[in-house]
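Make one complex out of these two single chains by using the hints.
In order, the protein sequence lines correspond to chains A and B. Here numbering that gives the first Met the number 0 is used: the first residue of the first sequence is 0, the next is one more, and so on. Here numbering that gives the first Met the number 0 is used: the first residue of the second sequence is 0, the next is one more, and so on.
In case anyone wonders, no lab produced these hints; they're calculated from the structure. Check before you lean on any hint, since a few could be wrong.
What the hints assert, rightly or not - Using 25 Å as the maximum straight-line C-alpha spacing, the simulated BS3-like pairs for lysine-lysine come out as follows: (1) K1(B) / K34(A); (2) K127(A) / K1(B); (3) K112(A) / K125(A).
As the list claims (entries may be wrong) - Not close to chain B: a few residues of chain A, all C-beta gaps over 10 Å, as computed: (4) R8; (5) A37; (6) R52; (7) L66; (8) V118; (9) M141.
Note that CB positions come from ideal geometry on N, CA and C, so glycine has one too.
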Amino acid sequence: MEYSMGIFRWVHFMAGVMWIGLLYYFNFVQVAGLKAAAADGTATGISKHIAPRALLYFRWSAVVTWLAGAALLGPRFVPAFTLQPEAAFIGIGAWLGTIMLFNVWVLIWPNQKKILGMVSASDDEKNKARRVAFLASRTNTMLSIPMLFFMGAGVHGF
Amino acid sequence: MKNPLDSLWGTVIAGLVLTVVLYVFANNFLIGG
Chain A
0 MEYSMGIFRW VHFMAGVMWI GLLYYFNFVQ VAGLKAAAAD GTATGISKHI
50 APRALLYFRW SAVVTWLAGA ALLGPRFVPA FTLQPEAAFI GIGAWLGTIM
100 LFNVWVLIWP NQKKILGMVS ASDDEKNKAR RVAFLASRTN TMLSIPMLFF
150 MGAGVHGF
Chain B
0 MKNPLDSLWG TVIAGLVLTV VLYVFANNFL IGG
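Just chain B, same shape as in the assembly (with noise of 0.2 Å):
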């Protein structure tokens, strides 16, 4: 499988799904929980 990260947008898609996965979980795990 090719790194996401040797593409730009590849790495901009990834850094918007980490934030979403981390948005998740702050609000489920540390604000929430």
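Extracted from the complex, chain A is given alone in its bound form (with noise of 0.2 Å):
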């Protein structure tokens, strides 16, 4: 028991870093590199070759993040999301990680496929996607600061 829990918080940290340093990189660097690359007529090689890419380990790195942390919350799984006193800060985490989820794989992923030319839309439908997919992957971004936070103080207090 106790080794397997080592090894799901193993798991949760890499994956956890993955996740949320990728997240990092599409809000930090590749927004304002592909505006740029846009000006000076360069952006395709970006959005070819690098955002799928970026995004799959993206989107996959934070399903294994999740599950990894269902199974190292144990039994500690329904009073961290039903936030319990003395799992109130897991939960909060917890919660904000979960929310993050779902807006990777039901508001950036679908939008995000549409303006890298996955599925066919038309010009309209990918401007919208492409403010939808912003707007949800700077929401992470603001959750990922109280998510980190809650993580921590939930295992080491605060």
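Below is the structure:
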């Protein structure tokens, strides 16, 4: 049991670093980089070769992070998600992570498929998809700040 | 009013504010309540 918890924690951390690392890459680097690249006509390389790969690891590392986190909670899963006093901090972190996972799979990924041309969409649909995916990604960046605080505080106290 | 999420620093500041709000909420209504 102790060994499995150690493995779940390790996997949770590694996948979480990949997920949030790629989220920060999108928000701190790629959004501004694509804008600059579009201005000098070099955006195709990013949207064709980099963004799809980054999105692949992004969305699946989100799933692995959540599953390993749920396994790590073990018997504290229900107390955490019902925000019981003894698991309130980790519960807030878990809820924020769950909302972020929802945003990845329901708002970011389906709209990115339209933006990157993986599914057919009109120019108007692409423009709407661009705005929804952007705001969902920025929302996740905002939520990651309290999420990481409460994940840390839930385990180590504050 | 401009959406703070349109700016990177607006996003970071909104995240910090949300952290404080949730911390006060948890201490007063979940743990201490």
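Against the structure, the hints come out as follows:
1. K1(B) / K34(A): 20 Å, holds
2. K127(A) / K1(B): Holds, at about 18 Å.
3. K112(A) / K125(A): Judged against 25 Å, a Cα distance of about 9 Å means the pair holds.
4. R8: At roughly 23 Å from the nearest Cβ of chain B, R8(A) sits farther out than 10 Å, so the non-interface label holds.
5. A37: Holds, since 17 Å exceeds 10 Å.
6. R52: Holds, because the least Cβ-Cβ distance between R52(A) and chain B comes to about 23 Å, which exceeds 10 Å.
7. L66: 24 Å, holds
8. V118: Holds, because the least Cβ-Cβ distance between V118(A) and chain B comes to about 25 Å, which exceeds 10 Å.
9. M141: 4 Å, violated
When held up to the earlier numbered hints, the structure conflicts with hint 9 and nothing else.
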